[in-house]
Amino acid sequence: MNAIVEWISQPWPWYVAGPIIGLMVPLHLILLNRTFGISSSFRHVCAACIPNNLDFLKYDWKSESWNLVFAGGVLIGAFLATTFFSTDEPIALSEAAVARMGEMGIRDLLGQHPAELFSWSFIGNWRTLLLVLGGGFLVGFGTRYAGGCTSGHAIMGLSHFQLPSFVAVLGFFTGGLIMSWLVLPLILT
Amino acid sequence: MKNLIALVLGTLFGLILVKAEVLSWFRIQEMFAFQSFHMYGIIGSAVGVGALSVFLIRRMKTKSIEGNVIELKDKAPRYTSAYLGGTAFGLGWAMTGACPGPMYALIGSGTTIMVLAVVAGVVGVLTYAALRDKLPH
Numbered sequence: 153m154n155a156i157v158e159w160i161s162q163p164w165p166w167y168v169a170g171p172i173i174g175l176m177v178p179l180h181l182i183l184l185n186r187t188f189g190i191s192s193s194f195r196h197v198c199a200a201c202i203p204n205n206l207d208f209l210k211y212d213w214k215s216e217s218w219n220l221v222f223a224g225g226v227l228i229g230a231f232l233a234t235t236f237f238s239t240d241e242p243i244a245l246s247e248a249a250v251a252r253m254g255e256m257g258i259r260d261l262l263g264q265h266p267a268e269l270f271s272w273s274f275i276g277n278w279r280t281l282l283l284v285l286g287g288g289f290l291v292g293f294g295t296r297y298a299g300g301c302t303s304g305h306a307i308m309g310l311s312h313f314q315l316p317s318f319v320a321v322l323g324f325f326t327g328g329l330i331m332s333w334l335v336l337p338l339i340l341t
Numbered sequence: 003m004k005n006l007i008a009l010v011l012g013t014l015f016g017l018i019l020v021k022a023e024v025l026s027w028f029r030i031q032e033m034f035a036f037q038s039f040h041m042y043g044i045i046g047s048a049v050g051v052g053a054l055s056v057f058l059i060r061r062m063k064t065k066s067i068e069g070n071v072i073e074l075k076d077k078a079p080r081y082t083s084a085y086l087g088g089t090a091f092g093l094g095w096a097m098t099g100a101c102p103g104p105m106y107a108l109i110g111s112g113t114t115i116m117v118l119a120v121v122a123g124v125v126g127v128l129t130y131a132a133l134r135d136k137l138p139h
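Top to bottom, those sequences are chains L and Y. Position 148 of the first sequence, counting from 1, maps to 300 under the numbering used here, and the rest follow consecutively. Position 45 of the second sequence, counting from 1, maps to 47 under the numbering used here, and the rest follow consecutively.
The following block holds chain L by itself, in its conformation from the complex:
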């Protein structure tokens, strides 16, 4: 038993994790009769919690409430994985990535996210606020404008060869490359 826990606690290589993520596609279609996606949950929260008179938010979100439960499950699964099936080892980044983090002034490479940017103790730091609030806003706005996120477009959409999804993924990388190469270095240094 200990050997199994120890094995599970190691980070999983891409060729184990990727195919299991891919299985979300048939599991959703067969067991839920829905396509795989998670960013719609933001829209459901918006429709459910914010009083408004906007056409885009007038729909029967309750019939899609499974998506909110799915999001809750993600939170629980991540809690279980981090609490019971993880090691304290830092993520095995490539040497080039480690060097680039140093150039961007990020010293602490422990954990999943840089603690010097993404923690409550730095809530007064403008960088933290910009990245968390500005980034979160763009993710919410962008997913609805594009009609999906990494799950709904990149994995579900590409899995059934949807041209709009391919265009959206090109957009994901346009934005990501601009931010990672041009803007983030300005923000962080």
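Don't read these hints as lab results, they were simulated from the structure. Since the model is a prediction, treat every value here as computed from it, not as a measurement. One thing to keep in mind: the hints can contain errors.
Stated by the list, open to error - Examples of chain Y residues toward chain L, derived with CB under 10 Å:
hint: 1; residue: Ala35
hint: 2; residue: Leu86
hint: 3; residue: Thr98
hint: 4; residue: Tyr130
Said to hold, decoys possible - EDC-like cross-link-like pairs, simulated, lysine to aspartate or glutamate; straight-line CA separation at most 20 Å:
hint: 5; chain 1: Y; residue 1: Lys4; chain 2: L; residue 2: Glu216
hint: 6; chain 1: Y; residue 1: Lys4; chain 2: Y; residue 2: Asp76
hint: 7; chain 1: L; residue 1: Lys210; chain 2: Y; residue 2: Asp135
hint: 8; chain 1: Y; residue 1: Lys63; chain 2: Y; residue 2: Asp76
hint: 9; chain 1: Y; residue 1: Lys75; chain 2: L; residue 2: Glu216
hint: 10; chain 1: Y; residue 1: Lys65; chain 2: Y; residue 2: Asp76
hint: 11; chain 1: Y; residue 1: Lys4; chain 2: Y; residue 2: Glu68
hint: 12; chain 1: Y; residue 1: Lys4; chain 2: L; residue 2: Asp212
hint: 13; chain 1: Y; residue 1: Lys136; chain 2: L; residue 2: Asp207
hint: 14; chain 1: Y; residue 1: Lys63; chain 2: Y; residue 2: Glu73
hint: 15; chain 1: L; residue 1: Lys214; chain 2: Y; residue 2: Glu68
We treat Cβ as the ideally placed atom computed from N, Cα and C, and that holds for glycine.
Use these hints to put chain Y onto chain L, whose structure you have.
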């Protein structure tokens, strides 16, 4: 029943997001700098398994648990919004180091400040809903 299935699938997805490290800001920066194959391997193999599944489900006319033959609707052919919205999303993805699934996963795994990113994301949806008629699609 549907909610129970969604809860189980969500838990599995959250577990994998942690084990595969795809919720990591470090991994996302590494990906956008083309400094590791890790993220590309994950997305590529996920799409491979997803595409094979869709092919088989269509070929075998598989029924869902609700008894209907599974049919996949095409995405609306709106390319301007796919690209511009995708670009906005990509900017936010590289800032937070997280797309929506990983945001929930990060809250569960202890980076609880991501609650604020989700709240900001909901405000982003509201903004889109308000501007929708004025944006090119």
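Hint-by-hint comparison with the structure:
1. Ala35: Given a least distance of 6 Å, the restraint on alanine 35 of chain Y holds.
2. Leu86: For leucine 86 of chain Y, the interface hint holds, since the closest Cβ of chain L sits about 6 Å away, which is under 10 Å.
3. Thr98: It holds, given that the least Cβ distance between threonine 98 of chain Y and chain L is near 4 Å, below 10 Å.
4. Tyr130: Holds: closest Cβ of chain L sits about 4 Å from tyrosine 130 of chain Y, inside 10 Å.
5. Y:Lys4 <-> L:Glu216: holds, 10 Å
6. Y:Lys4 <-> Y:Asp76: violated, 24 Å
7. L:Lys210 <-> Y:Asp135: The given pair, whose Cα atoms are some 15 Å apart, holds under the 20 Å limit.
8. Y:Lys63 <-> Y:Asp76: holds, 17 Å
9. Y:Lys75 <-> L:Glu216: holds, 17 Å
10. Y:Lys65 <-> Y:Asp76: Satisfied, since the Cα-Cα distance of roughly 19 Å is no more than 20 Å.
11. Y:Lys4 <-> Y:Glu68: Between lysine 4 of chain Y and glutamate 68 of chain Y the Cα gap is close to 10 Å, so the pair holds against 20 Å.
12. Y:Lys4 <-> L:Asp212: Between lysine 4 of chain Y and aspartate 212 of chain L the Cα gap is close to 16 Å, so the pair holds against 20 Å.
13. Y:Lys136 <-> L:Asp207: holds, 14 Å
14. Y:Lys63 <-> Y:Glu73: holds, 9 Å
15. L:Lys214 <-> Y:Glu68: The hint holds at about 18 Å.
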